[in-house]
Amino acid sequence: MSRCIFLVLFLALVNELHLSHTTEVAVNDKDNKLCLYANLMVNFSVTYEVTPNQTQVVLIVLPENVTTDGSTCENTTSTLKLNFGDGHSWAINFTKNTETYQADAIVFAYNLSDSSFFPGSVSNETKSVTGKPAITKVGVDTYYSCKSEVLTEMSVTQTLYDVALQAFVTNGSKSENETLCAADIPTTSSAPTTVVTPTAAPTSIPTPTPTLPTPATGVYKVVPGENSTACLMATFGLQLGYKQGQKEETINLVPNVTHVNGTCGVNVSDLVLTSDTINAMFTFTKDSNKFRLHGLNITITPATGVVFTASNTNLSLWEATVGSSYMCNKEQTYNVTDTLTLYTFELHIQPFGVKNEQFETVLQSCTFERMTTQRWKIIPTYSIIPGPRSPSPTLLK
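Just so you know, the sequence shown maps onto residues -22 to -1, 1 to 375 in mature numbering (1 follows the signal peptide of the UniProt record, and there is no 0).
Calculated from the structure, these hints are not laboratory results.
Accuracy of the hints is not assured; some may be wrong.
Stated by the list, open to error - Computed list of lysine to aspartate or glutamate pairs in DMTMM-like fashion (alpha-carbon distance at most 20 Å, straight line): (1) K125 - E42; (2) K125 - E2; (3) K152 - D7.
Stated by the list, open to error - Restraint ranges, calculated between C-beta atoms of paired labels, are given here: (4) N31 - S206: 23 to 33 Å; (5) V284 - V232: 17 to 27 Å; (6) N307 - K125: 32 to 42 Å; (7) N307 - K110: 43 to 53 Å; (8) E335 - N31: 24 to 34 Å; (9) H237 - K105: 18 to 28 Å; (10) D9 - S93: 41 to 51 Å; (11) Q224 - S93: 38 to 48 Å; (12) A194 - K152: 45 to 55 Å; (13) P280 - A87: 21 to 31 Å; (14) E103 - Q224: 24 to 34 Å.
Ideal Cβ positions, reconstructed from N, Cα and C, are used throughout, including at glycine.
Given only the sequences and the hints, what does the whole structure look like? Please build it.
Given below as structure tokens:
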């Protein structure tokens, strides 16, 4: 068994607005044959210390541009190591028997001395965390496929999704056969028996509504630099309804304990709101005439400690003419995914063209007292944090 010579092919699967991307890597052996293949998305929620009594949370996404120094391909073991940024890496180790292979460990290393991504960190060390991935019993000469989000609980929370991965490639060609993850396998059940009582009046089950008080309205501004003015402005109250298993919960974003970060680009801007329990990322896009909310990623860490995540990058909300702002003082309700509902209150937003930290004229606003619940299809190639557009101290590109 010998260590391999690696040839890495980086291909980005990007939608027309360049909002979502995957990291695609092909590792070749010493004979220049494919021995390991991966096409996936992975993100991390990292908490680090900024003062002796204060921590901050950042969302990190595995970027498109990586190297594979440290990867290996051998007969019964292999390692995929993806290096990015200033001393950050993500590695996954595999073992194989005669019929199947599995992932034994995931190791994520992050460099806290990289101030461009961990501003104000009191530590300069590189930390490493290890978790046990749920990738088991993958058939030899098949690739592991998982569209669903799979969490790995470590001291850092990892979310792996939209995965196509083959650790032991035979004959230099990726297999066309797949082994599905458990979350992607459809479940079947017998049809429930309905008992009809002739005298009973028909009833309907209403969509659950929030039981918490109306959330406080926060004022959020993205400022690109120390001597700059706001390039994105938003005011709203935010309440989230989410479902874990059969249990439905609601939670409010509390403005006075929420940190504001983000980026402002020519055609894409992000607003990132982070508290101890909620990480929310709003991605806005614009064309020549209109801007809109196009992507939303939510991570909730409730008191129970069971992390909830949901994303949708196929939205078209809060649309307004470029050069104006969007306003809706009424409560709005959106079913963002099957497990996430968004409630907004006293919304006013302008993600592009902010001047002198003032909202431009409102040309578009909501017209209904409470908007009809809407639903959008989740496309498989969504991403929690888009690819790099402009420097941001809290978003690792």
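Going through the hints against the structure:
Only pairs whose Cα atoms come within 20 Å are accepted, and K125 paired with E42 is accepted, the gap being roughly 18 Å. Using a Cα cut-off of 20 Å, the hinted pair K125 and E2 holds, with the two alpha carbons roughly 15 Å apart. Between K152 and D7 the CA atoms are separated by roughly 14 Å; this keeps the pair inside 20 Å, and the hint holds. At roughly 29 Å, the beta-carbon separation of N31 and S206 lies within the given 23 to 33 Å, and the hint holds.
Checked against the hint of 17 to 27 Å, the C-beta distance between V284 and V232 comes to roughly 20 Å, which is consistent with it. Checked against the given bound of 32 to 42 Å, the beta carbons of N307 and K125, roughly 38 Å apart, stay inside it. Distance hint for N307 and K110: a CB-CB separation of about 48 Å, consistent with the stated range 43 to 53 Å. Between E335 and N31 the beta carbons are some 31 Å apart, a value that agrees with the proposed interval 24 to 34 Å.
The given range of 18 to 28 Å is respected by H237 and K105, whose C-beta atoms sit roughly 21 Å from each other. D9 and S93 have their C-beta atoms about 43 Å apart, which keeps the hinted 41 to 51 Å range intact. The given range of 38 to 48 Å is respected by Q224 and S93, whose C-beta atoms sit roughly 44 Å from each other. Look at A194 against K152: about 51 Å separates their beta carbons, and that is inside 45 to 55 Å.
Range check, P280 to A87: Cβ separation about 28 Å, and the 21 to 31 Å hint holds. Checked against the hint of 24 to 34 Å, the pair E103 and Q224 fails, with Cβ atoms roughly 42 Å apart.
The structure does not agree with numbered hint 14 stated previously, though it agrees with all others.
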